[in-house]
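Student: With chain A's structure known, arrange chain B on it following the hints.
There are 2 protein chains.
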Amino acid sequence: MNGAESLLTTLVNNGIEVCFTNPGTSEMHFVAALDEVEGMRCVLCLFEGVLSGAAGGYAAMARRPASTLLHLGPGLGNALANVHNAKKGHVPMVNIVGDHATYHLQYDAPLTADIEGIAGPVSHWVHTSKAPADIARDAAEAVRQAGIGQVATLMLPADVSWGDNPNGPEAAVTIAPPAAVPAERVNEALELLKSGGNCMIMIGGREVDSQRGLMLSRIGNAAGVRVCTETFPGRVARGAGSAVIDRLPYLAEMAIDHIKEVEHLILVGAPAPVSFFAYPNVPSAIAPPGCQQFVLAGPNDDIDQALEDLLESLNAVDVEPQVQPLAIPDLASGPLDVSKAATAVAHYLPENAIVVDESITSSFALYPATATAQPHDWLNLTGGSIGWGLPASVGAAIACPDRKVVCVEGDGSAMYTIQSLWTMAREHLDITVVIFNNQKYSVLEMEFARTGARGGKPGPNAASVLDIGSPGIDFVALATGMGVQASRATTAQEFNEQFAAAINGKGPRLIDAIVPPIF
Amino acid sequence: MNGAESLLTTLVNNGIEVCFTNPGTSEMHFVAALDEVEGMRCVLCLFEGVLSGAAGGYAAMARRPASTLLHLGPGLGNALANVHNAKKGHVPMVNIVGDHATYHLQYDAPLTADIEGIAGPVSHWVHTSKAPADIARDAAEAVRQAGIGQVATLMLPADVSWGDNPNGPEAAVTIAPPAAVPAERVNEALELLKSGGNCMIMIGGREVDSQRGLMLSRIGNAAGVRVCTETFPGRVARGAGSAVIDRLPYLAEMAIDHIKEVEHLILVGAPAPVSFFAYPNVPSAIAPPGCQQFVLAGPNDDIDQALEDLLESLNAVDVEPQVQPLAIPDLASGPLDVSKAATAVAHYLPENAIVVDESITSSFALYPATATAQPHDWLNLTGGSIGWGLPASVGAAIACPDRKVVCVEGDGSAMYTIQSLWTMAREHLDITVVIFNNQKYSVLEMEFARTGARGGKPGPNAASVLDIGSPGIDFVALATGMGVQASRATTAQEFNEQFAAAINGKGPRLIDAIVPPIF
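Protein chains in written order, with this note's numbering: chain A, 1 to 519; chain B, 1 to 519.
Same shape as in the complex, but just chain A (with noise of 0.2 Å):
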């Protein structure tokens, strides 16, 4: 068995399934070895930003890993934006990334580069495999990295991908669990929550699950403190049923004046609030001076287990949580605006969807209109950087075969990565991708004001940077010319009964849903 076949077993092995990829010449062996190992299916994408943002978007809805295949230094680089948004999410990957042989490094061809220096900054774990007996040993230690929550980007040279592996492939490996917090920590939280001062809990991570979210909640009633979740949680389960957690605002302003009065911030999974930005006398601390940030649980630790303790030490096991009804909203008529959409998404969107959001300025309509809708999941761009939420899209809808994806996606944001809509063709997801064309980067001439930069008002140079309307881009005509059914929206009915076609159809369709700027 050669070390490609080592590899591809050993990670099957593992449970890896899916392997994302646009492979070169150098990955051929790899390549190959998928007719000869069975369990792979392997996803092809057009470009590696796609296959990044689709292992993300797997990950987060499988909770475990994908796998992904890349083409040299370059491909990383391709694939880099959506590596950074998972290892930002705490989101689990294992990335192969093809090299030249070994022997064929000292030559400096053409595609040659620093790969391990390319993948250091996004990955927590980095490895170049040396010899084919060592490939299906370092794809079982990526694996186990991979598992705790990380990033694992393994180097496949060329040779040793072909040469032969006397050592064969690895058996599944033990993932540690997640670090127990320990009854001291829990005690210490119980005593800030009993302590009289203002308190408030921020839950985040790769994910508030409902059970978590409603747990919570329990403890916010139980200790008569506000609970949150940070801004953009990897996952949240929401809608009917959920538990009614606020998340901390976007803008470091509203986020500051959201826990202006908080003494004491308990932090599970979510990290000390911070403003994404900084702004010329804006903090950058999103906590008042002096409060006390109190990390009760990190992101990989066992966030379940010490809410229940938590809850328990509280004497207050029968305390209900606060749960969203259902509540849906009518439909709108008129010209179509974000908030109008944001009713048909509400009312239309079915029982177990997957929201995958990254609507940027149309979400501060969208994320508040689905509060009460049927219960949901929703996805969260954890990295700040854009071009996720198409890929994502497509990794979600291969998790999760059997639930409707809704992708709601900026113009802007969309462009980055618009290739996806051919894999959601190929793979024939069940996917509605609905664009905001606002003909603008919204959020930036925001954005712009919010820096104070020439006064807030952008002059016509800088005006122009922002508009993304001259030509106007017609997303109907990009998703045909990739196979994926398409229409626009101008008005709210036209919006209403083409989304309602997309939810109640099966396979992958877009909306250009024509929207003034939110502000």
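In case anyone wonders, no lab produced these hints; they're calculated from the structure.
Ideal Cβ positions, reconstructed from N, Cα and C, are used throughout, including at glycine.
Among the hints, a few may not be true.
As the list claims (entries may be wrong) - To be clear about the criterion: a stretch of chain A counts as covered by chain B if any three or more of its residues have a C-beta under 8 Å from a C-beta of chain B, and this derived list gives those stretches: (1) 32–44; (2) 116–123; (3) 276–283; (4) 383–389; (5) 408–422; (6) 478–487.
Tutor: Relative to chain A, chain B alone:
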């Protein structure tokens, strides 16, 4: 004057008049400065891979760097592949990468990353400005570094951008001239040429312009030795009136055969030839064992003077070069294939056109077919990372608004940076794009066989990964969706008519050429 304004003024003072950009919040003060400082044309691209490729194409044609403006680590990551291509081609580039404010980094906001770490592998020079007072001086240093054929990457923290720079901008810096080639090295080359052994001269690097090519041909004629270019020099003057110079074949087996009898290989701006990839049982080095590889001049040395000195020392100033005649082929008819399309390109190619070649396997027909066409420049992919052709065309057209740009593109590589079409429309660039749509990663089918994986025959899973025809990509729809006029050609006559119309017209136009794979 704030840091951003002093930076922008310094760039303009140094003849950097174009900035390819896709900015974010941390770059808003730079964007604002575009309305305060005159002389910088800002070209918006919808994805960073487009803008770095455009900066490369611009520099290749303008013979001076453009600047890029990138948003944090992920923005640089998105740009990375085409920065790699520039680095490998000795193409000058000044990258400005916005970063968080210096005091904000400690908070590890979602978009925080080790930007220097990402920049290092693809840059010759990397620096982070520490304070507003430094930024203009740092920018001047970046220009100086880029000026000698390098990639310079300068990080611009947001507070360095918005803070006051008491030192103001820097004036034009002095760029070091190309290093003179010492007389002894010319003499050594002369000895080799006169040694009676089998000699060959290979030229390459950033550019083989008309003068340089003719000079080399005269030397070859005078010394009675063969001359060739490396496989992919950055820019080559071709067509009628240019020197007759072969290029080293891409395929290692053919390249090895091409120079199998050479005892002394004199390198002028070109590296020692090496196989693009490693293959089992194929040598990495192209030159035969025992062949002496002698570097007359490196890529940044004074190549013209070295060639002149060599010609003089051969007492051969009266020797004529071997020159390509003007020989325009007749048009073909019948079902379209790559050869027939190549004939039409050669037939209609206007004088002084710029051909940007990322046609991959189709280039096997296009390159020879255009050898005796009207005089033109030919741009090659220097770093092997695909997704370069469409962006490089954008840059070439901006550098040379009075010249027709013809971009010959593979379907697979086009999809990497398809967003380029939008910038072509937005800037009304005079580019004719021909997509050779064979619905395959055709080069990988060839490479699969060459690597010998699975006996050279892909199984069904592997074959599926090399196939991009399901669904077929409709490039007419994609182009139209981004504001570029487009048409489809399935017969030679359709192609001839559409190509003629594109050449005779002005502005961006795309032809979706449906062709069978060349193999």
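Student: Could you run down the list of hints and mark each one as holding or not?
Tutor: Hints and how they fare:
no.: 1; hint: 32–44; in the structure: holds (count 6)
no.: 2; hint: 116–123; in the structure: holds (count 5)
no.: 3; hint: 276–283; in the structure: holds (count 4)
no.: 4; hint: 383–389; in the structure: holds (count 4)
no.: 5; hint: 408–422; in the structure: holds (count 6)
no.: 6; hint: 478–487; in the structure: holds (count 5)
When the structure is compared with the earlier hints, no violation turns up for any of them.
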